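Asker: For the record, the sequence lines run as chains L and P. Position one of the first sequence corresponds to residue 1 (the working numbering), numbered consecutively onward. Position one of the second sequence corresponds to residue 1001 (the working numbering), numbered consecutively onward.
Simulated from the structure, these hints should not be mistaken for lab results. Warning: the hint list may mix true and false statements.
Residues from chain L shown here face chain P by an in silico Cβ test under 7 angstroms; the list is partial [stated by the list, open to error]:
hint: 1; residue: R139
hint: 2; residue: I279
hint: 3; residue: F440
In the DSBU-like style, the derived pairs of lysine-lysine whose C-alpha atoms are separated by at most 35 angstroms in a straight line are [said to hold, decoys possible]:
hint: 4; chain 1: L; residue 1: K18; chain 2: L; residue 2: K32
hint: 5; chain 1: P; residue 1: K1342; chain 2: P; residue 2: K1091
hint: 6; chain 1: L; residue 1: K32; chain 2: P; residue 2: K1230
hint: 7; chain 1: P; residue 1: K1178; chain 2: P; residue 2: K1230
hint: 8; chain 1: P; residue 1: K1178; chain 2: P; residue 2: K1091
hint: 9; chain 1: P; residue 1: K1178; chain 2: L; residue 2: K32
Small disclaimer: the values here were computed from a predicted structure and weren't measured. By construction, the Cβ of each residue, glycine as well, lies at the ideal position given by its N, Cα and C atoms.
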Amino acid sequence: MHGGLERIAELADRAPAKDRAGTLRRLAGYLKPHAPALAVAMVFVLMGTSSQAIGPAIIKRAVDGYLAPGADPAGLRGTMQLLLGAYVVGVIGFMMQVWLIGVVGQRVLAELRVDIFDQVQRLPMRYLDGHDAGDLMSRLVNDTEIIGNFLTQGAMQSVGALLGLTVIVGMMIYTSPPLAAATLIVIPLMLWLTRFFARLSRERYRTAREAIGEVSSNLQEDISGIREAQAFARTDRNIERFSRSNAANRDANVSAVAVTSAFTPAAELLSAVATAIVIGYGGWLVVARGAAPGTVVAFVIWVGNFFRPIQQLSAIWTQAQAALAGAERVFDLLDEPIALADRPDAPALPAIQGRVAFENVTFGYEPGRPVIRDVNLVIEPGQTVALVGPTGAGKTTLGNLLLRHYGVQAGRITVDGHDIREVTARSLRRQLGVVPQEPFLFSGSVADNIRYGRPEASDAELEAAVNAVGAQDFIASLPEGYATPLGERGSGLSSGQRQLIALARAALVDPRILLLDEATANIDTRTERLIQAGLDRLLSGRTSLVIAHRLSTVRGADLVLVIDEGRIVERGSHAELLAADGVYADLYRRQLGTVAEPA
Amino acid sequence: MAYLGPYRRTAIGAFFSLVVVSLASLASPRLLQWGIDDGIQAADARIVVYSALALVGLAAGRGIFAFLQGYWSEVASQGVAFDLRNAIYGKLQRLSFSYHDQAQTGKLMTRVTSDVEQVRTFVGIGVLQLASALTLLLGSAAVLLYMNWQLALGALSVIPAIFAVLALFIVRIRPRFKVIQQRLGTLNTVLQENLAGVRVVRAFATEPAESARYRAANQALLVEWLAQIKVFATSFPLIFFFANLGTLVVFWYGGNKVIAGELSVGALVAFNLYLALLLMPIFILGGLAANLSRAGASAERLFEIIDADIEVRDRADAQPLGQIEGRVSFDAVHFRYVGAEKEVLSGVSFVVEPGETVAILGLTGSGKSTVINLIPRFYDVTGGAVRIDGRDIRDVTLDSLRTQIGIVHQDPILFSGSIRDNIAFGRPDAPDAEVESAARAAQAHDFIAALPEGYATPVGERGVGLSGGQRQRIAIARAILVDPRILIFDDSTSAVDTETESRIQAALDQLLAGRTAFVIAQRLSTVIGADRILVLEDGRVAANGSHDQLLAESALYCDIVASQLMEDLPTQASLLEPAALPPHGEG
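Pulled out of the complex, with its shape left as it was, chain L reads as follows (with noise of 0.2 angstroms):
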């Protein structure tokens, strides 16, 4: 029990639900498409539930009717033969139940778990950035695991538990009204007990939570960070620290099982208390009143059954609460509004020049606060422009707005005169070719992460792309070349050679429009000018949105931008802004000026 406890402590901390009915109407729902199956299983857990407890009613009889010395023993084995239908039709009704109710619960959550995919697949950027991906995971893992827990176990013990005890109580009633009435008055006190103990351990367990929590986020940053402890000679101090918090966590532990561990006894001993009141008032009924002995043996066997479903009603009852919370939050997210979706008639890009303009476009992460204002810019087909500026200017968020990953809040941008709100997002993205600053590459092969943008496209159009941006020395010297698995975030591969497949991956997709935003540092000399070279080719011919970080990529550029608080500050070629003498003269010297002095 002690698990229960600590459970139900847990589950109980959570937020409850706002609207309790309203979510459980909606997870009824998803239920509705399994309603015969669902019904079929009710009939199994009355047949196995009410077996159960017609075991000892049949045991009574047999005790009373012919367990005396000298009894006819046709009688028992007529009984007895009963019982043993009763214990057949009991498992029957078990196995079932717990097959077919097993069976809606995991449908129903695969069901549920497509259903939050599909949505986040939908869900606008704005809401992404707002939410860690991490955080958001472990939400979406946890909450669905909760749900399903109570759909699978919760729902099939406490139908159990509940029709269970029904029978019980009532065969209690039937046999012996009296009794029964002195043995019940025992099921309050039960679950009284057992939320005076959920309530007392819940805070324990909270502390003994935090304490823990503290323990491995202690550790986690200094195992990260055991190179700055050996560094800074400070070993000695962080075991210490580690070792409060370790003896926080026992201390805060052992302080919640005290609690826990008087609650088993002292509901065992409330179970006690109800045999003898079985044996004391139930034995004064058969001495004082004739009542039959069977009755005491048949109430013996029912007062051993009926502690556990009480004991299971009160911990699902906690489960379903935390289901319940689990489910809204599920649904809140089902409900966010899909911000950016295509208008209803919006028809697909056709296949593009390659022609970007903004016009007059302002835009703001947060309402009152434009990151980009009044932007104004054209873009010819096949020229290469380059975004400069510092930090924060608001290089990137263009990008993404060429990208629709968010909507313009003035003006408009166009792409060969079509503006990107009147096409579906789909056609507009697939002539869009995008490298990030840092790609990010999925688990599966090397060859799987460069066709990711066209899953279908041949090996000799993989080998062109490939090709085409100079990676194919660094993929052939890679264990198992093209097959070679990439793990968690690539790791195992530099930033260069992450770069690398970014690149492949956007030539396969053969865009007439690039974003790139070139990285910052880390590439060693010879990897970057393989890079440049790739990246060279791959600019080549299709229009250009270059976040630089390069002069060389500047120099090249057809356009350069200079970004200053979401206004373009200076825009010319890279000769014409240093004659200019301006902002970006500036920026241009100080990156250089040291080198001059030697040369």
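Following the hints, put chain P in place on chain L, whose structure we already have.
Answerer: Okay, now just chain P, sitting in the frame of chain L:
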């Protein structure tokens, strides 16, 4: 389990309580029998009352010991877990870089948290449960046999069947369980990658493909779940069925004995209860078997860490280093990473005079990082020696060596705590004024002051997000504050924009004066400003000298410089038209 030693008394107390609890459990059916036979059947009201009271009294007494057992076993097991965690943590803190290079944070975390927990549950609950289960099993079997051996044998005949179902269940469920965990892992990986890579997904418009991938993983999981449910559905109901058959045997076969006058009704009821007492431990044992193997594997993994070799440690006769000047020399240093076949450094020799700034240059894999990691002795050389002020660093204590060296890593880790705590990481007792001046020197003061809570602003995992450049500046301030004689910068300004970098550079120039400094830099400007440039190639020093010297002498250096300057310098030259020259321009 030597770790149980300090908690021997509580453990023994828990065990004693457990024996009492088991005995009490075994006694209660007999009490019931007494009440039924001598009280109810014999119509003796006194015995009815006595037996009822005795039942309650027994349960109360049993309860007290059950509490003690639970409490004491928790005290002992938490104590063991506490000691284990401390031992592992302490070990991890001292284990050398070579160990941490190979270990993954996630896996180490699992060891300290869930592996310790596995062992703890087993020590605390498992061992006691095992003892309790065995006591109850043997005790109730003995009582049954004593009461009526024929009936006992009849009732016990269901036990092998239950064992068989249980064993079959464990055999069938274990591989399924693993598969479910794997498939769940796959499913969650799809979701996690989809969320983390959402920009790529959207940009390539691959949402339908992603959905298909998720559906496939989801379906695979569902199929496995359904198979597992089948196993459950055919196991547990069967077990209960056999348990019920035991009751049937008791009442049928035993009933005939009652009819024959060989047994009382109360004995029959007691018999049935003993049978229940006997079945419970069987379930517990089934669960324990699984736990035992898991706890064993966990314990093994724990001792792997506890027994790991600390490669870099103080010699027994190590002396404190004392205040150093800052002369660093590498004397034919060879180095090979553990398990690697190729040497990273093969005979590196150089001398750096106190106060010099050294830029280390070379391609990826040429050994730059290794050189700087050898100076604070994060690794021990595999040949030759690293000396500071002429002393082999293996002859001095680690603490005295490392406190005189400041390091700024490429991707600095900030710890949760305030910004002040982070700057004062190496000197937690530094006065605020010094913390602030270190921050000023690192060009970090302005942005810190602009934060809502200034130096008290929480950072790290649960704190505010700082940009890469801001983190680097805090790391620089952290290194400055310990006022080291030797400073090491590992490409530490790469994430800072040009303007900030030039300001940091200016501050650093003052700061570096009088200190020995090693810099691994990506930017040419940093390299050119150094007193000495060390060019590494394939684990050897390919060139060593000033910028001008190397331009004249080293082809490799020219090549590296050219690969950057080829594009930059020519225009630089063409830039040097009077109109383009800044007022404070180049002379």
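Asker: Against each hint, give a clear statement of whether it holds in the structure.
Answerer: Here's how the hints hold up against the structure:
Here the hint on R139(L) is broken, as its CB sits about 11 angstroms from the closest CB of chain P, past 7 angstroms. At about 4 angstroms, the closest approach between the beta carbon of I279(L) and any beta carbon in chain P falls short of 7 angstroms, and the interface hint on this residue holds. Annotation: interface hint on F440(L) holds; nearest CB of chain P at approximately 4 angstroms, less than 7 angstroms. Between K18(L) and K32(L), the direct Cα distance comes to roughly 23 angstroms. Compliance with the 35 angstroms bound is thereby established for this hinted pair.
This hinted pair checks out: K1342(P) and K1091(P) have alpha carbons roughly 29 angstroms apart, not beyond 35 angstroms. A C-alpha spacing of about 23 angstroms is found between K32(L) and K1230(P), which places the hinted pair at or below 35 angstroms, so the restraint holds. Pair hint K1178(P) plus K1230(P) holds up; C-alpha atoms about 16 angstroms apart against a cutoff of 35 angstroms. Distance hint between K1178(P) and K1091(P) is fulfilled; the C-alpha atoms sit about 31 angstroms from each other, no more than 35 angstroms.
Using a Cα cut-off of 35 angstroms, the hinted pair K1178(P) and K32(L) holds, with the two alpha carbons roughly 32 angstroms apart.
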